[in-house]
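Using the sequences provided together with the hints, build the complete structure.
The listed protein sequences correspond, in order, to chains A and B. Numbering follows the working numbering, in which position 71 of the first sequence is assigned residue number 71; successive positions increment by one, without gaps. Numbering follows the working numbering, in which position 81 of the second sequence is assigned residue number 446; successive positions increment by one, without gaps.
Everything labelled a hint here was simulated from the structure, so no lab data went into it. Note that CB positions come from ideal geometry on N, CA and C, so glycine has one too. One or more of the hints may lead you astray.
Heads up, simulated SDA-like pairs for lysine to any residue below, C-alpha to C-alpha not over 20 Å straight-line [as the list claims (entries may be wrong)]: (1) B:K443 with A:H208; (2) A:K115 with B:A442; (3) B:K413 with A:P361; (4) B:K452 with B:T425; (5) A:K49 with B:K398; (6) A:K355 with A:S315; (7) B:K457 with B:A442; (8) A:K49 with B:D376; (9) A:K40 with B:I384; (10) A:K358 with A:S315; (11) A:K319 with A:D42; (12) B:K413 with A:S141; (13) B:K398 with B:K457; (14) B:K443 with A:K355; (15) A:K349 with A:D326; (16) B:K457 with B:Y424; (17) A:K49 with B:C417; (18) A:K53 with B:L467; (19) A:K49 with B:H415; (20) A:K49 with B:T453; (21) B:K443 with A:S117; (22) B:K452 with B:D376; (23) A:K49 with B:K452; (24) B:K398 with A:S315; (25) A:K349 with A:S315; (26) A:K49 with B:L467.
Covered by chain B, per the in silico footprint, the following chain A stretches (three or more residues, Cβ under 8 Å) [claimed, not checked]: (27) 143 to 153; (28) 197 to 207.
Computed beta-carbon distance windows for the label pairs [stated by the list, open to error]: (29) A:T21 with B:S392: 29 to 35 Å; (30) A:E37 with B:A389: 16 to 22 Å; (31) B:I449 with A:K115: 24 to 30 Å; (32) B:I371 with A:T31: 34 to 40 Å; (33) B:N466 with A:K319: 48 to 54 Å; (34) B:R438 with A:D165: 48 to 54 Å; (35) B:N466 with A:T31: 34 to 40 Å; (36) A:S19 with B:A389: 37 to 43 Å; (37) B:E381 with A:F281: 35 to 41 Å.
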Amino acid sequence: MAIHSAAQVPTPKPSRDYSLTGPLNRQAVMTGLANAEWYKTDIPRARMKELMKRSDGPATRDTLVWLGLLVSTAAGGVWFWPAAWSIPFFIVYGLLYASASDSRWHECGHGTAFKTSWKNDAVYHIASFMVMRNPVVWKWSHSRHHTDTIVVGRDPEIVAMRPPDLARLILNMFGILDFPIALWQTIRYSLGILTAEEQDFIPETERHKVFLPARIWTLIYAITICACISMQSILPAMIIGLPRMYGIWHAVLCGLTQHVGLAEDVLDHRQNCRTVYMNPFSRFIYWNMNYHVEHHMFPMVPYHALAELHREMLSDCPKPYSGFVDAYREILPTIIRQLEDPLYFVHRKLPETAKPFKPAPTLPA
Amino acid sequence: MSEWVIACGMDDIDDEDVIRFDHAGQSFAIYRKDNMYFATDGLCTHEKVHLCDGLVMDYTIECPKHNGRFDYRTGAAKGAPVCIDLKTYPVKVENGQVMINLG
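Okay, here's the thing in structure tokens:
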């Protein structure tokens, strides 16, 4: 039997239990990390009211452009199908179907995109279907994400746990894992089944609302599959369902910049969110969620006012990233380092004009 | 039994706005709309966030964290993520002071 010295014995990599039903959930509640008061930049009440003010104009314009492009690119794709000319149409259609619906789901879920409630609700349900997120489950999941942002054992939306699952991150650029999982979840919800984790963040009185949209979606997917079989073609699925795979890459590219590699278990969004400057095209698709520190600190400010809010908060926040390249220059090496050292994370630096980070509670000795 | 306490002056609140009032370890939200005043518990029934940082739209107060909405005249919760109504308190105005009944 080989005998190893202490230096030779490989030490197990520390990993954390990210499940919502594990001990870290109880620990977060016990220490006061869960449902805590987070740091907020001082902004005069009158200014905040201006920034939070609702308007139908920007979102109505953007939605008409979005839906108009969706219909026209789908028509172009169908018209040229199966010729190679259909490919550019489907590339754009997929981007609008999956990536743009990710941000529309998000903003309308917050109820801030439109002033008029029914418009928010209508776009929320359309976008939820396209991005394959059950409108009830994800409403509550995202609510928890904002209450306990990147708090281990509490936040159901942590994308890159430590050590990160690199293969999963890469495969999900094209929904290779997420798509079948979302499909299975839809079927599971349509059968009236919720997991223990989902029951942790969905109140009992709301759970029955999960099932009807799932049943309608299952019917739509069943009709789509039947259409594919009867036409002996995947064209119907290229319009409904498959775009969730071939068009999600932009949402993932933007989404990974939000929190990946930053601190866990803190109570200051300046430590666990990134604000990244992006080109106007990406900002249209992503509906300005590149201002992510701002969004988390003041989630009721509509997407169209986030650039203004950013200017208000600039002196109190870490330096924004100049673009995708700047952000990924930090994210990629951090992910790779975390494969070996899961305790490693990026410490953000504050400018001299900023107030210090709010300390997070720790377990008593 | 009535227990009227002074919450604020009439002009301490802008029209269609809300302020926070703390009393005896409890937080309240005081609203003004068209020179009428209303009072509710100060914390959202969903995640205990102070409503005084939220947005008042007509007779609705929106929680600043999760978009939970209440009718602040009745305290009625207006849909997810708020499921529990907000407690309301009687209000009167005397000598330029807004008073709420905690009794």
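To see whether the hints hold, each was checked on the structure:
Taken as a hint, the B:K443 and A:H208 pair is honoured in the structure, with Cα atoms around 18 Å apart against an allowance of 20 Å. For the hint pairing A:K115 with B:A442, the CA-to-CA distance comes to about 18 Å; that is within 20 Å, so the pair holds. Simply put, B:K413 and A:P361 have alpha-carbon atoms about 18 Å apart, close enough for the 20 Å limit, and the pair holds. Proposed proximity of B:K452 and B:T425 is supported: the alpha carbons are some 14 Å apart, at most 20 Å.
Taking the CA atoms of A:K49 and B:K398, the gap is near 15 Å; set against the 20 Å cutoff, the hint holds. Among the hinted pairs, A:K355 with A:S315 is consistent with the structure: their alpha-carbon atoms are about 9 Å apart, no more than 20 Å. Distance restraint check for B:K457 and B:A442: the Cα-Cα separation of roughly 24 Å exceeds the 20 Å cut-off, and the hinted pair is therefore not satisfied. In summary, the hint linking A:K49 to B:D376 is supported, as the alpha carbons are separated by about 18 Å, within the 20 Å threshold.
At roughly 17 Å between alpha-carbon atoms, A:K40 and B:I384 fall within 20 Å of each other, so this suggested pair holds. Of the supplied pair hints, the one linking A:K358 and A:S315 holds, its CA atoms being roughly 16 Å apart against a limit of 20 Å. Under the criterion of a C-alpha separation no larger than 20 Å, the hint pairing A:K319 with A:D42 is consistent with the structure, at around 18 Å. For the hint pairing B:K413 with A:S141, the CA-to-CA distance comes to about 17 Å; that is within 20 Å, so the pair holds.
With a C-alpha separation of about 14 Å, the suggested pair B:K398 and B:K457 falls inside the 20 Å cut-off, and the hint holds. For the hint pairing B:K443 with A:K355, the CA-to-CA distance comes to about 36 Å; that exceeds 20 Å, so the pair is violated. With a C-alpha separation of about 15 Å, the suggested pair A:K349 and A:D326 falls inside the 20 Å cut-off, and the hint holds. At most 20 Å may separate the alpha-carbon atoms for a hinted pair to count; B:K457 and B:Y424 meet this at roughly 18 Å.
For the hint linking A:K49 to B:C417, the alpha-carbon distance of about 11 Å falls within 20 Å, and the restraint holds. Simply put, A:K53 and B:L467 have alpha-carbon atoms about 32 Å apart, too far for the 20 Å limit, and the pair is violated. Taken as a hint, the A:K49 and B:H415 pair is honoured in the structure, with Cα atoms around 15 Å apart against an allowance of 20 Å. The straight-line distance between the Cα atoms of A:K49 and B:T453 is roughly 23 Å, outside the 20 Å bound, and the hint therefore fails.
As the CA atoms of B:K443 and A:S117 are separated by approximately 11 Å, the hinted pair is consistent with the 20 Å bound. Proposed proximity of B:K452 and B:D376 is contradicted: the alpha carbons are some 24 Å apart, above 20 Å. Among the hinted pairs, A:K49 with B:K452 is inconsistent with the structure: their alpha-carbon atoms are about 24 Å apart, more than 20 Å. The straight-line distance between the Cα atoms of B:K398 and A:S315 is roughly 35 Å, outside the 20 Å bound, and the hint therefore fails.
Distance check on the hinted pair: A:K349 and A:S315 sit about 12 Å apart at the alpha-carbon level, within 20 Å; holds. A C-alpha spacing of about 29 Å is found between A:K49 and B:L467, which places the hinted pair above 20 Å, so the restraint is violated. A stretch counts as covered by a chain when three or more of its residues have a beta carbon under 8 Å from one of that chain; for the region 143 to 153 of chain A and chain B the count is 3, and the coverage holds. Three residues within the 8 Å Cβ limit are the bar, and the region 197 to 207 of chain A against chain B gives 3, so the coverage statement holds.
Checked against the hint of 29 to 35 Å, the C-beta distance between A:T21 and B:S392 comes to roughly 32 Å, which is consistent with it. A:E37 and B:A389 have their C-beta atoms about 20 Å apart, which keeps the hinted 16 to 22 Å range intact. Taken as a hint, the range 24 to 30 Å holds for the pair B:I449 and A:K115, whose Cβ atoms sit roughly 26 Å apart. In this structure, B:I371 and A:T31 meet the distance hint of 34 to 40 Å, their C-beta atoms being roughly 38 Å apart.
Judged by the Cβ atoms, the range 48 to 54 Å given for B:N466 and A:K319 holds: they are separated by roughly 51 Å. Taken as a hint, the range 48 to 54 Å holds for the pair B:R438 and A:D165, whose Cβ atoms sit roughly 50 Å apart. At roughly 38 Å, the beta-carbon separation of B:N466 and A:T31 lies within the given 34 to 40 Å, and the hint holds. For A:S19 paired with B:A389, a C-beta distance near 40 Å keeps the hint of 37 to 43 Å intact.
The hinted range of 35 to 41 Å is satisfied by B:E381 and A:F281, whose Cβ atoms lie roughly 37 Å apart.
In summary, the numbered hints that this structure violates are 7, 14, 18, 20, 22, 23, 24 and 26.
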